[in-house]
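Q: Sequence:
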Amino acid sequence: MLYHSFADIARLSVSNQRHLLQHGDATERVWAAWALGIALGGGSITDLVAGVHDSPAPGTRRHLLIVLAGLGESAVLQTFAQDDPDDYVRATAAQYLLRISQSTDIATPDFIRTLLLNDPSPIVKQAILTEAPPSFPAFRHQDIITLLEHPDVDIRRAATDRLLAISSYTALFPGPLEDRITYETDSTLRHRLLRLCIEVGGAVRLLFMCRNLDAEKVIEILQLLHSYDQQFNWTDIAPLALIHDPRFDCVLVLLLNAQMTSDMVEWFLYLMARAMQWPSARNRPEAERAEAVQTSAWKAAQRLIATSTQLWALKPVTLNIETLDFAISYLDNEVTQLQLDEESEEWETNSDWYSTAIPEREQLRGMLIAIKAIS
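Just add 142 to wherever you are in the sequence shown, counting from 1, and you've got my numbering.
Keep in mind that a hint or two might mislead.
Derived Cβ-Cβ restraints for the label pairs, each shown as a range [as the list claims (entries may be wrong)]: (1) T377 to A455: 15 to 21 Å; (2) I242 to V342: 35 to 41 Å; (3) T327 to P427: 19 to 25 Å; (4) R353 to D228: 46 to 52 Å; (5) I511 to S309: 56 to 62 Å; (6) Y230 to V342: 42 to 48 Å; (7) H165 to D321: 53 to 59 Å; (8) L384 to P427: 20 to 26 Å.
No lab work stands behind these hints, which were simulated from the structure alone. Virtual Cβ for every residue (Gly too), placed ideally from N, Cα, C.
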């Protein structure tokens, strides 16, 4: 390479610049193309078209196409957007074709749509989706919806962005973006869709969707609903609560609203009774599940304590005696353990907390014994 900067080549004669455009290295060809474009304007088009066809390096072809785009050469851009073997060259050609196309250009929108649907490269599709304005006339709504299922996550993201730009959120939730939540494998994109769904009032629909999802996605949705401080009736929660998955239960307890029902009481007591009967863990997965069992039982007891004044309003309450016995035993154990913890120096817990927590559990235990007597 004899030249070290664009300025070196810009000082050359036009004939020398043309020679470099055809025979220089990749960088010299790019500099020569820009120099000719500046010097000759439209008079350089013939040389630049020949140069882009003859350039072996994809990067050089991309730069030459940009120069030609500045000169309005849409026909050349179409040729390379369709036929160049390099994905990035085709993407650049399509991108700049979109930039220079006029509103009166009838052929370009249809050409771009065909390219979007038929080019196999995600790079080309993403360039088109990113560059085309929201009002681009040729794209059909179904074209973009179809791309939500593309194997490449960047295409799915770009298609999502375009749908959000051209449609109201309420047309998408419920609608194609809400439908996509079930199948979306990219956690970041799925999380975004979930947040949007919650923000447009789709929380109850997400709970319904959870019935057909794998456990990890259910937990993801439940935790997100909790982070948004969503509250639900028992009828919304019940189908998931009755699965009796401790990992779900830990969050479901928190998602229930404060309006107590007899079915809720029965479920809370079940969670406490389950903790009394749960076997000892033998490995890490079992230990994690056992921890979830204890956590859900603790939260259930807290909910019953917080709403204990509603328990009598639900009379007559018909509850399983065995479940009641186990729940009462659970509270016995809780009180005993809290008393031991209060006396121990292991935990740095304010003594006022114990002076509240222990009587609360004793009071709830007494109420459950009374309910058992009339059941």
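Q: Determine which of the earlier numbered hints do not hold for this structure and return their numbers in increasing order.
A: Those not satisfied come down to hint 6.
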